[in-house]
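Hey, can you work out the whole structure from these sequences and the hints?
So the sequence shown is numbered by this note's numbering: it starts at 4 and just counts up by one.
Hints are computed from structural coordinates only; laboratory data are not their basis.
Every residue gets a Cβ at the ideal spot worked out from N, C-alpha and C, and that includes glycine.
Keep in mind that the hints are not guaranteed to be accurate.
Straight-line distance between alpha carbons at most 30 Å, and here's what the computed DSS-like set of lysine-lysine pairs gives [unchecked claim]:
1. K175 / K36
2. K257 / K211
3. K569 / K599
4. K569 / K548
5. K20 / K31
The following label-pair restraints were derived from C-beta to C-beta distances [claimed, not checked]:
6. G426 / E358: 30 to 38 Å
7. P251 / Q10: 42 to 50 Å
8. E258 / E166: 30 to 38 Å
9. I17 / G397: 25 to 33 Å
10. Q309 / P455: 28 to 36 Å
11. P88 / N640: 56 to 64 Å
12. P251 / E93: 48 to 56 Å
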Amino acid sequence: MMFEINQLETEARISLKRILPRVEAALKRSITKDPQAWEQFNARLQQNFPALLSLYAEVYSDRYDFFYHLEDLVESMARSWFNRPQDLRELDDVREQNPHWFQSNQMLGGICYVDLFANNLDGIRKKIPYFKELGLTYIHLMPLFKAPDGENDGGYAVSSYREVHPPLGTMKQLASLARDFREAGISLVVDLVFNHTSDEHIWAERAKAGDEEYMDFYRIFPSRELPSRYEQNLREIFPEEHSGAFSPFVINGKEHWVWTTFHSYQWDLNYANPAVFNRMAEEMLFLANQGVEVLRLDAVAFIWKQLGTNCENLPQAHTLIKAFNAVARIASPALIFKSEAIVHPDDVVKYISPEECQVSYNPLLMALLWNSLATREVKLLSQALASRFKLQSGTAWVNYVRVHDDIGWTFSDEDAAQLGMNGYDHRRFLNEFYRGRFPGSFARGLPFQENPATGDCRISGTGASLAGLEKALHEEGEKEVELAIRRILLIHAIIITVGGIPLIYLGDEIGTLNDYTYRDDPAHERDSRWVHRPRADWKKYEKRKNLHSLEGHIFRGFRAMIELRKGNDVFAGGELDVIPTDNEHVLGFTRTHGGKRAVVFANFSESPQTISSRVIEQYAITSLKKLHGRNHVSPKNSLLLEPLDFVVFG
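The structure is reproduced here in structure tokens:
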């Protein structure tokens, strides 16, 4: 159902007039106890309800029980608001007055697994001094909710969104940690795994028991007929784990099939059922009330299914995320969403807007940074920054070199073709290069989900091992070690200055290498991503204080770049213009903000490179101060860049 603007305002007013008295009656005790909270909630509800109604109706208006579910949703939001702590309500006011808070040049993200980095939540709390030393203001704790023992996709098979995985701590401890983070100027980020639950979740357990209400929480079929028809258009995500997109299970002695896009123990939720939306909105608001400020929405591309399509990036997926966003504007306005869509660049950007996901991972930049290191050329990277980096106001990229996942080469074949490259062949080259099987490769990566028939795979490995540090230490010498360190610092320097929120995969800042002991763990031995998920070695972290150590050398380089970002307002926001450097090995761009300008050059070659006097003069570089880098300007005004150097003028 689509509404005209005037009609929407009228329908929203009438709907609320009918719904609110019933909600007020249900919450009479809470309203009497805290009338000011009710006034605050009602004001935001009135302001945002037209948008929510339009979005909700777009998906669910053909349901006979539409208004029942709509009223249920409004009551859920109100109950959540009454449970929202006062300090978070105050944060809501602050963030509404400064909605672009996440675009500050003070923003710096870090990401880690709780158990691997610090054993448990109390250990994370004790690391706050380290986080402040590094300069972090945004910490993403990888999935920490209750999950099955053994294989659980690194925590992405959630058995309860309201319980922390017992070895890590409790939900009370998480809320306390969030308060400690806020006092330290750090925003807590966690995942909302909202495409699927674990098959041990209470909803799944009830579905297994034959409860029809909860069977409708998932996509469950009594035979293979419909699943087979769906699979004619679906791609296999983890073919090594199970073929197709469905897994069998038994209800009352009869075989059924449940939709499992990823792993057989991860059951896809059925968002065609408004009860699923409402219950997941409650889980979202519960987490917001614990102090979570950013929710990474996992696997956003897959949440809507439609026969005859590939069930990825469908319009209803966007509508649902916008509806979740509207719920947050009403009941937890400080909360923002981070999109995780590792899909075609044309589709990634569709999830990013103030009304949908305010921030988004930038998988294209990540892939093309590694591509530029391998090829020593910047043409694909320059092209992407020129044509695909700009976002609308009120949004930002989250730029990263590595995260917990594998590297997929997500550039567009069409973009590659414009530069005379064959996308398929180039991906094959990159896979061979980062597995260390191509002549001249410095990398030590592993294949992930390799398809023997096509040769296709993705790449696993820590930043340091992929950048050549492992090979240099074990097989080469001091010169190659220095070049590897420069590669590590170069690509991190770009994510720190390019615009948006830089995100450091913790461990990269001290040069952590691949950990091959994952092969000794039966739960992980088939998943090469665990090679770049090692347990933090705090003896090595202590070496960061020794500037003559490897760890100290790398950490000092990180700190220099972070201080550069935080000390210069020009690195706020996301305005960027690419500089044609006339040198295939050198990336150039300008950053502007608040009337200030910075000029950046990055040499992706292991050889010295020159920027011509024409470029120097055109961008008035001699009028700027050198802020970072080892370069020098010659008497003829050409710029000489050292191997793998990163230079900033401002």
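Of all the hints given earlier, name the ones this structure violates by number, lowest first.
none
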